[in-house]
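My request is simple: use the sequences and hints to build the entire structure.
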Amino acid sequence: MNGTSHKGFLPYQPVREIFKEIGAIASFSTTVTRQLFKRPLELPELLRQSYYLGYKALPLVLITGFILGMVLTIQMRPLLVDFGAESELPGLVTISIVREIGPVIIALICAGKIASGIGAELGSMRVTEQIDAMEVSGTNPLKFLVATRVLSTTFMVPLLVIVADFISLIGSYTAMNIHSNISLSLYLSLSFDDLTFLDVIPATVKTVVFGFIIGIVGSYKGYHAEMGTESVGIAANSAVVTASLSIFVIDLLAVQITDLISIL
Amino acid sequence: MEKLIEIQDLRKSFAGREVLKGIDLTLKRGENVVLLGRSGIGKTVLIKCIVGLVIPDSGIIKVFGENIKGLNGEGFNELRKKVGFLFQGGAVYDSMTVRENLEFPVRRNLMIKKNQGEIEEMVKKALGNVGLLDAIDKMPSELSGGMRKRLGLARTLILNPEIILYDEPTTGLDPITSKEIIELILKIQEKYNTSSIIITHDMHCIRSTANQILLIKNGIIYAEGTLSDFMNSQDKEIKSYFS
Numbered sequence: 023m024n025g026t027s028h029k030g031f032l033p034y035q036p037v038r039e040i041f042k043e044i045g046a047i048a049s050f051s052t053t054v055t056r057q058l059f060k061r062p063l064e065l066p067e068l069l070r071q072s073y074y075l076g077y078k079a080l081p082l083v084l085i086t087g088f089i090l091g092m093v094l095t096i097q098m099r100p101l102l103v104d105f106g107a108e109s110e111l112p113g114l115v116t117i118s119i120v121r122e123i124g125p126v127i128i129a130l131i132c133a134g135k136i137a138s139g140i141g142a143e144l145g146s147m148r149v150t151e152q153i154d155a156m157e158v159s160g161t162n163p164l165k166f167l168v169a170t171r172v173l174s175t176t177f178m179v180p181l182l183v184i185v186a187d188f189i190s191l192i193g194s195y196t197a198m199n200i201h202s203n204i205s206l207s208l209y210l211s212l213s214f215d216d217l218t219f220l221d222v223i224p225a226t227v228k229t230v231v232f233g234f235i236i237g238i239v240g241s242y243k244g245y246h247a248e249m250g251t252e253s254v255g256i257a258a259n260s261a262v263v264t265a266s267l268s269i270f271v272i273d274l275l276a277v278q279i280t281d282l283i284s285i286l
Numbered sequence: 340m341e342k343l344i345e346i347q348d349l350r351k352s353f354a355g356r357e358v359l360k361g362i363d364l365t366l367k368r369g370e371n372v373v374l375l376g377r378s379g380i381g382k383t384v385l386i387k388c389i390v391g392l393v394i395p396d397s398g399i400i401k402v403f404g405e406n407i408k409g410l411n412g413e414g415f416n417e418l419r420k421k422v423g424f425l426f427q428g429g430a431v432y433d434s435m436t437v438r439e440n441l442e443f444p445v446r447r448n449l450m451i452k453k454n455q456g457e458i459e460e461m462v463k464k465a466l467g468n469v470g471l472l473d474a475i476d477k478m479p480s481e482l483s484g485g486m487r488k489r490l491g492l493a494r495t496l497i498l499n500p501e502i503i504l505y506d507e508p509t510t511g512l513d514p515i516t517s518k519e520i521i522e523l524i525l526k527i528q529e530k531y532n533t534s535s536i537i538i539t540h541d542m543h544c545i546r547s548t549a550n551q552i553l554l555i556k557n558g559i560i561y562a563e564g565t566l567s568d569f570m571n572s573q574d575k576e577i578k579s580y581f582s
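Going down the list, the protein sequences come from chains A and B. Quick note on this note's numbering: the first sequence kicks off at 23 and runs consecutively. Quick note on this note's numbering: the second sequence kicks off at 340 and runs consecutively.
Keep in mind that the hints are not guaranteed to be accurate.
Said to hold, decoys possible - For lysine-lysine, the following DSS-like pairs were computed, each having C-alpha atoms within a straight-line distance of at most 25 Å: (1) A:Lys135 - A:Lys165; (2) A:Lys165 - B:Lys420; (3) B:Lys360 - B:Lys342; (4) B:Lys408 - A:Lys165; (5) A:Lys60 - B:Lys408; (6) B:Lys530 - B:Lys367; (7) A:Lys165 - B:Lys421; (8) B:Lys526 - B:Lys342; (9) A:Lys60 - B:Lys420; (10) B:Lys556 - B:Lys575; (11) A:Lys78 - B:Lys477; (12) B:Lys463 - B:Lys477; (13) B:Lys367 - B:Lys556; (14) A:Lys165 - A:Lys60; (15) B:Lys408 - B:Lys342; (16) B:Lys408 - B:Lys367; (17) B:Lys367 - B:Lys401; (18) B:Lys464 - B:Lys421.
No lab work stands behind these hints: they were computed from the structure. Treat the numbers as computed from the prediction; the structure is a model and nothing was measured.
Structure (C-alpha cells):
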C-alpha cells in the first residue's frame with residue numbers, strides 16, 4: 023500500500039490532526055494517571071492546587087449559579103402559569119439544573135477559568151525552561167505539576183458543581199418570590215420531591231469526568247507548548263476550546279448512557 | 340586527568356533535520372570547555388543530552404564513566420545531583436520566593452534528609468556565594484535579569500555539583516553584570532573545584548574561562564583547541580569569532 027492510498031482514508035488534514043490530538047491526549051492521560059499511584063504523594067502541592075484551582079473559582083461559580091437559577095425560573099414561569107402548573111416549577115428547575123444545566127455550564131466556566139489558567143501557567147513554565155529546571159532538580163514534573171493539577175480539578179469541579187446547583191436553587195427561589203409568595207421550606211420540598219438518585223448520581227459522575235478532562239487538557243496544552251511567548255497564548259486558548267468541546271462530547275455520551283440505564 | 344564527561348558520535352535530529360551529526364567531546368576534571376557556534380546549531384541540545392533532558396538518536400554519553408543510556412529515573416536523579424545546569428534565562432520558579440527556589444532542589448532530593456535549620460544554612464550559604472542574601476524573601480518578578488541568573492546559579496550550586504553546564508550565562512546582561520557572572524563562575528570553580536561546559540558568544544567570558552574551546556559547525560566539531568590556538572588561527576570561520 024502506498025502513501026497516497028493511506029492518505030485517502032482520511033483525506034482532510036484537519037480531521038487527521040483532530041485524531042492525532044485525541045490520541046496524544048489519551049496517551050498523556052495514561053501517563054499522568056500512572057503518576058497518580060507513584061510516590062511521593064505530593065500532598066502539599068495537591069492542597070495548594072486545590073485551593074488555587076477550586077477555591078479561587080468559587081466566586082465566579084457562585085455568581086453564575088445564582089443567575090442561572092434566576093433566569094431559568096423567570097423564563098419557565100410564564101409557560102407553566104399558562105398551563106396552571108406553577109407548582110411544578112421548583113421541581114422542573116431543580117431537575118434541569120442538577121441533571122444537565124448545572125454540570126455543563128459550571129464545567130464550561132471551569133474550562134474557561136481553570137483549563138486556560140493551567141495551560142498558560144505550564145506553557146509559560148515550559149517556555150522559560152522551568153519544567154526542565156525542575157527535572158534537573160530531581161523532580162518529576164509530570165507528577166509534581168501535572169498529576170496534582172489533574173487530581174485537584176477532578177475533585178474540585180464536582181464540588182463546585184454541587185455548590186453551584188444549590189446556589190442556583192436559591193436563585194430560583196428568589197426569582198419565584200418576585201411574583202409569588204412561597205416559603206423556602208415549601209420551595210425546597212417541591213424541588214426535591216421529583217429528584218431521584220438516577221438524576222443525581224450520573225450527573226455527579228459526569229462532573230468527575232469533566233474535572234479530569236479540564237485538568238488533563240489544560241495540562242497537556244501547557245506542558246507541550248512550543249518555545250516562544252506566543253505559544254503560551256496558544257496553549258491557554260486551545261486549552262479552553264478543546265476542554266469545552268470535550269465537555270459537550272462527554273455530555274452527549276453521558277446522556278446516552280443514562281438513557282440506556284433508565285430503560286434497563 | 341580524570342575524564343568526567345565523554346561523548347562519542349552523538350547524533351540528534353528534530354523533525355527530520357539532523358542537528359548533531361556525530362559530536363565527540365571530553366571534559367576532564369577541573370577543566371572549562373567552551374562551546375562556540377552559531378545560534379540554532381545545537382549547542383543547547385548537546386548539553387541537554389548530557390543530563391537526559393533530550394534523548395539522543397545515537398552515540399555514547401558517559402558521565403563519571405557511566406553510560407547514561409542505561410539510566411532509569413532514579414539513576415538520572417543521582418546523576419543530576421552531581422551535574423548542575425544553569426539555564427539561559429535562569430529558569431527560576433516564578434511562583435516561589437528566592438528562598439523557596441533554593442529550598443526546592445534540596446527538599447526534592449530524597450537522598451538528602453535535612454532539617455529546616457540545615458536547609459536554611461545551605462540556602463544562605465548559596466545565596467551568599469552569589470551575593471543575593473538581601474533578596475532572600477523577594478519574588479523572582481522583583482529581581483533584575485542579572486539577579487535572576489545569579490539565583491539560577493545559586494540553585495545550581497546548592498547541591499554542590501562536580502560539573503556545571505552553563506547555557507549562555509552572560510547573554511542579555513550589561514557588561515558590568517556579565518563581568519560579575521564571569522567572576523562568579525571563576526570563583527565557584529576555584530572554591531568547589533568544579534568542571535564546566537560553557538556555551539557562550541561573549542569574548543570576555545571565553546577569554547576568562549576557557550581551557551579548551553570547541554567550535555561547532557554543521558552539526559560536527561569544526562575546530563578544537565586552546566584559546567591561543569583559536570586566537571592564532573588563520574581559518575576564516577574561527578577568525579570571524581575572534582577578530
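Outcome of the hint check:
1. A:Lys135 - A:Lys165: holds (22 Å)
2. A:Lys165 - B:Lys420: Cα-Cα ~19 Å, so holds.
3. B:Lys360 - B:Lys342: holds (23 Å)
4. B:Lys408 - A:Lys165: holds (23 Å)
5. A:Lys60 - B:Lys408: Measuring from Cα to Cα gives roughly 23 Å; hence the hint holds.
6. B:Lys530 - B:Lys367: holds (17 Å)
7. A:Lys165 - B:Lys421: holds (23 Å)
8. B:Lys526 - B:Lys342: The given pair, whose Cα atoms are some 22 Å apart, holds under the 25 Å limit.
9. A:Lys60 - B:Lys420: Status holds; Cα separation ~21 Å.
10. B:Lys556 - B:Lys575: holds (13 Å)
11. A:Lys78 - B:Lys477: holds (24 Å)
12. B:Lys463 - B:Lys477: holds (14 Å)
13. B:Lys367 - B:Lys556: holds (23 Å)
14. A:Lys165 - A:Lys60: holds (8 Å)
15. B:Lys408 - B:Lys342: Holds. Lys408 (chain B) to Lys342 (chain B) sits at ~18 Å (cutoff 25 Å).
16. B:Lys408 - B:Lys367: Holds, at about 20 Å.
17. B:Lys367 - B:Lys401: holds (12 Å)
18. B:Lys464 - B:Lys421: holds (18 Å)
Violation of the numbered hints given earlier is absent; every hint is satisfied by the structure.
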